[in-house]
Structures are given as C-alpha cells and as structure tokens.
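A.B. asks: Sequence:
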Amino acid sequence: MQLTDGQVGAEFRLEQKEMRKALSKAVKALLPQQRQLLQKIFFEERTMAEIAREEGVTTSAISHRLDLIYKKLKKLLLQNQ
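In terms of this note's numbering, the sequence shown opens at residue 62 and continues consecutively.
These are computed hints drawn from the structure, not numbers from a lab. Yeah, the Cβ is synthetic: ideal placement off N, Cα and C, and Gly gets one too. Accuracy of the hints is not assured; some may be wrong.
[Said to hold, decoys possible] Derived DEER-like restraints, expressed as beta-carbon distance ranges:
1. Phe-103 - Gln-140: 30 to 40 Å
2. Ala-83 - Asp-128: 13 to 23 Å
3. Glu-72 - Glu-111: 38 to 48 Å
4. Arg-114 - Glu-72: 39 to 49 Å
5. Leu-92 - Arg-114: 20 to 30 Å
6. Phe-104 - Ala-83: 16 to 26 Å
The whole structure should be built from the sequences, with the hints applied where relevant.
C.D. replies: Structural data, given as structure tokens:
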C-alpha cells in the first residue's frame, strides 16, 4: 500500500506536533536559569557575548552553560522515546 501526499503530510504534521510537545516538556524540566538562557539565545536573538557581558562572565562560560543545557535536553528527549 502506498501513501498519498495528503497522508504523508498528515503523518509528518503529527510527528512534528509530537516532537514540539516532547521538546516543550523537556524545556519545562530545565532549571529557570537554563530556560532564561535559551530564551535570550533563541527568542531574543542575543549573542553569547552580550549575555556574558550582562552577567559578568566570559563567553566561554555561556558556551559551557549552553552545552550542558543541550546535553540535558538530549537526555530528556531520548528518555521519552
């Protein structure tokens, strides 16, 4: 049996919806400071250098924090598969 374009599109949309739900749940499991950092980077489109200056830390420190956040999100998302 072959899927039609409409069926493939519907299946894709369902997968996307499930991924957004899983990502939202994983982000909610982060610490408030971690969520704030993601907010600044992805929604406020601020640079690591700007955030580092604001917080009085190095850009490397912000990069390290982001790396830890990404690893935590990956772990949470893999647990929910």
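A.B. asks: So does Leu-92 sit 20 to 30 Å from Arg-114, Cβ to Cβ?
C.D. replies: holds (22 Å)
A.B. asks: Using the Cβ atoms, figure out if Ala-83 sits within 13 to 23 Å of Asp-128.
C.D. replies: holds (21 Å)
A.B. asks: Is 39 to 49 Å a correct range for the gap between the Cβ atoms of Arg-114 and Glu-72?
C.D. replies: 46 Å Cβ-Cβ, so the 39 to 49 Å window holds.
A.B. asks: Is the distance from the Cβ of Glu-72 to the Cβ of Glu-111 consistent with 38 to 48 Å?
C.D. replies: Because 41 Å falls inside the window, the suggested range holds.
A.B. asks: That 30 to 40 Å hint for Phe-103 and Gln-140 (C-beta), does it hold up?
C.D. replies: violated (22 Å)
A.B. asks: Is it true that the C-beta distance of Phe-104 to Ala-83 lies inside 16 to 26 Å, as the hint says?
C.D. replies: At 19 Å between Cβs, range holds.
Hint check: a violation occurs at hint 1 only; the rest are consistent with the structure.
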